Amino acid sequence: MRREGSPFQGVGAVAVKELADNLSSARMFVLEWLIVLTALAALYSAIDSLRQTTAQDPFLLLRLFTVNRAPLPSFVAILGFLIPLMAIGLGFDAINGEHNRRTLSRILAQPIYRDALLMGKFLAGLVTLAMSLAALWLMVIGLGLIFLGVPPGGEEVARSLAFLVIAVFYAGVWLALAMLLSIVFRSAATAALVALGIWLFLTVLWPMLAPAIAQVIAPPDPRYAMLGLESPDTAVWTQMLSRISPNHLFSEAMVAVLSPTTRTLGPVFIEQLRGAVMGSPLPLSQSLIIVWPQTVGLIAGTIVLFVAGYVVFQRQEVRA
Amino acid sequence: MTGSASDIVIAARDLTKNYGGVNVVDRVNFDIAKGETFGLLGPNGAGKTTTILMMLGLTEISGGTVHVLGNDPARAPLQVKRRVGYLPDSVGFYDHLTAVENLAYTSKLMGLRSAERARRIAAALARVRLSDVADKRVATFSRGMRQRLGLAEILVKQAEIAILDEPTSGLDPQSTIEFLGLVGELRAEGVTVLLSSHLLDQVQRVCNRVALFQSGRIVLMGTVADLARQVLGAGFVVEVEADGSSLDRRLAAIPGVTGVETLAADRFRMTADRDVRPDAARAVVAANGSLRRLSVDEPSLEAIYARYFQSHTGETQGARHAA
Chain A
1041 MRREGSPFQG
1051 VGAVAVKELA
1061 DNLSSARMFV
1071 LEWLIVLTAL
1081 AALYSAIDSL
1091 RQTTAQDPFL
1101 LLRLFTVNRA
1111 PLPSFVAILG
1121 FLIPLMAIGL
1131 GFDAINGEHN
1141 RRTLSRILAQ
1151 PIYRDALLMG
1161 KFLAGLVTLA
1171 MSLAALWLMV
1181 IGLGLIFLGV
1191 PPGGEEVARS
1201 LAFLVIAVFY
1211 AGVWLALAML
1221 LSIVFRSAAT
1231 AALVALGIWL
1241 FLTVLWPMLA
1251 PAIAQVIAPP
1261 DPRYAMLGLE
1271 SPDTAVWTQM
1281 LSRISPNHLF
1291 SEAMVAVLSP
1301 TTRTLGPVFI
1311 EQLRGAVMGS
1321 PLPLSQSLII
1331 VWPQTVGLIA
1341 GTIVLFVAGY
1351 VVFQRQEVRA
Chain B
2 MTGSASDIVI
12 AARDLTKNYG
22 GVNVVDRVNF
32 DIAKGETFGL
42 LGPNGAGKTT
52 TILMMLGLTE
62 ISGGTVHVLG
72 NDPARAPLQV
82 KRRVGYLPDS
92 VGFYDHLTAV
102 ENLAYTSKLM
112 GLRSAERARR
122 IAAALARVRL
132 SDVADKRVAT
142 FSRGMRQRLG
152 LAEILVKQAE
162 IAILDEPTSG
172 LDPQSTIEFL
182 GLVGELRAEG
192 VTVLLSSHLL
202 DQVQRVCNRV
212 ALFQSGRIVL
222 MGTVADLARQ
232 VLGAGFVVEV
242 EADGSSLDRR
252 LAAIPGVTGV
262 ETLAADRFRM
272 TADRDVRPDA
282 ARAVVAANGS
292 LRRLSVDEPS
302 LEAIYARYFQ
312 SHTGETQGAR
322 HAA
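Line order of the protein sequences matches chains A and B. Everything in the first sequence is counted per this note's numbering, starting at 1041 for the first residue and increasing by one. Everything in the second sequence is counted per this note's numbering, starting at 2 for the first residue and increasing by one.
By construction, these hints were calculated from the structure, which means they are not laboratory data. Values in this document were obtained by computation on a predicted structure and should not be read as measured data. Note that CB positions come from ideal geometry on N, CA and C, so glycine has one too. It is possible that some hints are incorrect.
To be verified - If you want the footprint, here are the derived chain A segments under chain B, 3+ residues with CB under 8 Å: (1) 1046-1054; (2) 1273-1287; (3) 1352-1359.
Between the sequences and the hints, there should be enough to build the whole structure, so can you do that?
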């Protein structure tokens, strides 16, 4: 049976209102400054080391994103860590907040479907994150121009734009997760704690657990171990398991997009390198082909989590 | 029934809601006519709010049907929600927004154009006497002001039916009177009002008809006078203070009087199924007595409610165990 009217009626109104709320909220302000300051520190050390070491590099601008100097991680690594925090901060009280403020039934008594509320909130969150990331991206390019004095080439800009797009989808996964939790848990504090728990698990614990589990599934071959090499089976399993974490997908994609010399993200066999000119950069299109599976993985994760939240929300009782 | 079939704006037939095997609303039937003020009464948890949510399509209907303005809220919820205003139990607003901004948001969701929006919001805020705090944050509003803001939302919508769920619970007497006055204005404009409450005295003050809910069922429905006759046995209690010879017999002889109680030598209490004050006055005059006081006690919903639950508690508990 078809329902009457469009499920998108009211999405615009919800999105505009939520966007205004997001941009003016104190929470957003704190998160923004946290990210800007950490990123500035990473960039400063990157610029510093680039000035001293690199004389000839066709991709000087991209180095800004990826170069790290102890003790600070690179700009991209910091983003991989902090984007989820920002997305969780925006999404953890999306629906349960309306419940607790007792605004939900009043809003849903207006001529809109529940779809509009959920979608409007998600879009507003994603736009907020995209705006912040775009601002960061401009900051990097601007600082690069000022301190390195090298204008970015067309391919560099294109690659850094690819970085921006993938980062937005990476943020989308975490935003969808946070919103799902905000629907499942009636208390905003519980939703936030669970989201942060998942975030810590996937970014800190999972990279350590994945190799251990891989060794259980595919025990290392002693012949490889004798040569001091990793067994191919174990390595493949480690990589497969690591990719469960969106954080890993994001960092893989960043490596391929921002370091043009990256030819593959998995283990390499000698025959695959036949005819390759080592150390020479790949064209952008080839790099994009390498990161395509990671990007699709992030988009799919966003959609799956959003749909899960949608289904739960449709079946939920509105009364407090 | 008060109206003809074409005047019926809400019609529920065997409406049922089941949560985990328990019918929280159990085969409820009622018709509400256009322009009527209908009260849903009953203790908390009796199924009033669930019934309301089913009428708005905000919760699934487990069985039976309900039609609101000719539409099925489960199939055409937008049609229903466009024409029905809802003030939920302890309504909430976005505290960081002003009164106007809150109304602007919901009126955008209603699909109103910006000029129309501004005009209707200003008019509605004036009606509920919130114009001077229109640009203040709702965080500073008292409970009574929030309820009035919720009513303003219904005015902005120009709803044909206003559904108010426990609108006066937790309000101080002054705000309650003010709020009920506004409800009276709505009713005077021909808006059908559905009011749920457990505060009987207020319901009696504003409602034409009431339905008494008990564990998911409507156990009594009708005008307050009807219910009084059903439950208390008589609709009116008239007190007469007069002297004269054998007044008690004369008063008892008035048609419609079901009993006369002598309170003192010159005070009598009569129970009757209609307002018998004119006849009582005539009887006193006919007996050459002097009439000093003649008063009528409106049947109170409170008395009906208390009496009903007194006489039915045992019975319904038995029924519940059987179910």
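Outcome, coverage of the stretch 1273-1287 of chain A by chain B - at least 3 residues whose beta-carbon is closer than 8 Å to one in that chain: violated (count 0)
Apply the coverage criterion to the stretch 1046-1054 of chain A and chain B: a residue qualifies when its Cβ sits closer than 8 Å to a Cβ of the chain, and three qualifying residues are needed. holds (count 4)
Is the listed coverage of the stretch 1352-1359 of chain A by chain B valid when you require three or more residues with a beta carbon under 8 Å from a beta carbon of that chain? holds (count 3)
Comparing the model with each numbered hint stated earlier shows that hint 2 is the single one that does not hold.
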